[in-house]
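Required output: the full structure, derived from the provided sequences and hints.
If you read the sequence shown in the working numbering, its first letter stands for residue 91, the second for the next number, and so on.
No lab work stands behind these hints: they were computed from the structure. Just to be clear, a hint being listed does not mean it is correct.
[As the list claims (entries may be wrong)] Once the Cα atoms are required to be at most 25 Å apart in a straight line, the calculated DSS-like pairs of lysine-lysine come out as:
(1) LYS444 to LYS157
(2) LYS92 to LYS485
(3) LYS466 to LYS485
(4) LYS466 to LYS441
(5) LYS92 to LYS463
(6) LYS386 to LYS485
[Claimed, not checked] Derived Cβ-Cβ restraints for the label pairs, each shown as a range:
(7) HIS311 to ARG473: 44 to 54 Å
(8) GLU128 to GLN373: 25 to 35 Å
(9) GLN341 to PRO369: 21 to 31 Å
(10) GLU128 to ARG473: 21 to 31 Å
(11) ARG436 to THR103: 26 to 36 Å
Everything numeric in this text was worked out from a predicted model, so none of it was measured. Even for Gly, the Cβ is constructed at its ideal location relative to N, Cα and C.
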Amino acid sequence: MKSIRSHHIVTETEVVDGWLTMDDEGRIAAIGDTPVGERIEEVQDDWILPGLIDPHLHGFMGWNASKTTDETQILRMADALLWAGVTAFVPSCISSSMMLDNVRALHAARTHQRQGAEILGLYMEGPFYNPEYNGGTPVQYFQAPSIERALRFYEAAGGDLVSLGLAPELPGAMEVVSFLSQNGVRVGIAHTGADYEQTIAAIDAGCKMATHSFNAMRGLHHREVGVTGAILLDPRIYNEINCDFIHVCPQMIEILLKMKSWDKILMMTDSDSLTGMPPGTYQIGETPETLEQNGKIHLPDGTIYGSGRLLLQDVFNLIDILNIPVPEAVAMASLNAARFLNVDDRLGSLKVGKQADFIVVDDQRRCRITVQKGVKVCDMNQRSSLVNPQFMNLKIA
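Printed below as a string of structure tokens:
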């Protein structure tokens, strides 16, 4: 047994002043006033939060999960995410010429993973999207929904496909929703111009979430509330949301939190390989991407293309700016995703019996220490060893 002390241990329901005790098998044994076994550290005013879970991201610190057929890229990204306080995640692929091979690489990475933030499966962002709501994705890689195409991706994922986004208004989409839902895949409503009725029909058919809510989808109108109205009104839907205050303004997030229960909110970063890198313009493939000082990543035409901010920073956006209670804000970036992905029996919160995955956060809102299964696996001074050393060669401005 070993114990760590803090005045701010964030559990599922409250912030506790006390000791977090871990057993010899890497599980949480107790949270209370009395230490058990070896006292390993007293962090006092630092916060102890559960390890964060990001259910939708594409890259980090120069590593890329979405534009690669090399599983090493994905595994190195998993290592780097520990520095940001993320202890589990779902890497996401995008519509591209290499999408099928990308899916195979993601499956291989999960199969061979031995360290790093835990890969919980893979998320397909595409290819069954409405080209009018493409965001930054080239439309030539979009495909018409069909069970045959969905099956090809499903089989390539080797049982690791946990989520897939699609536009429900497209011909053939409802059949794909039913097929994937019956096979345990959580289907998201994404990159869509669906109206209210089409969206509700998709939810009835099995859709479980709204992918990056409000982004790349038809907006709210007072005569036809459309997909945005449907995902706000229907309590069955989980809402992915980017809380960097760039993708979605604070007021829209407040509306979401007034309309939906906090336990239906899935905070995500949609992060890119530029995330965690110095601001500037990088030549990535055919199209340059720019990372601004505030964390905004955009293409030359101004289209937002992922977030350069960390999930931990966005948690404190909710706490410090929107005054969301700490346990709720933290759960939106940990426990809710664990429940959505059916791993909350062991991950997602600081609770006796669960895996001792937690982070120590200092008064500047930085992840100082990351612990997995009761073992320190990363600290804030390790950044330089985790960054892709070749990525800075792509910086052009």
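Here is how each hint holds up against the structure:
About 34 Å separates the Cα atoms of LYS444 and LYS157, which puts this hinted pair outside 25 Å; it is violated. The suggested pairing of LYS92 with LYS485 is violated, with an alpha-carbon distance near 45 Å, which exceeds 25 Å. A hinted pair counts as satisfied when its Cα atoms are at most 25 Å apart, and LYS466 with LYS485 does not qualify at roughly 33 Å. Among the hinted pairs, LYS466 with LYS441 is consistent with the structure: their alpha-carbon atoms are about 18 Å apart, no more than 25 Å.
For the hint linking LYS92 to LYS463, the alpha-carbon distance of about 12 Å falls within 25 Å, and the restraint holds. At most 25 Å may separate the alpha-carbon atoms for a hinted pair to count; LYS386 and LYS485 meet this at roughly 16 Å. The beta-carbon spacing between HIS311 and ARG473, approximately 45 Å, falls within the hinted interval of 44 to 54 Å. At about 50 Å, the CB distance of GLU128 to GLN373 disagrees with the hint of 25 to 35 Å.
Taken as a hint, the range 21 to 31 Å holds for the pair GLN341 and PRO369, whose Cβ atoms sit roughly 26 Å apart. For the hinted restraint 21 to 31 Å between GLU128 and ARG473, the CB-CB distance of approximately 29 Å keeps it satisfied. For ARG436 and THR103, the hinted distance range of 26 to 36 Å is not satisfied, since their beta carbons lie about 19 Å from each other.
Violated hints, in rising order: 1, 2, 3, 8, 11; the structure is consistent with all others.
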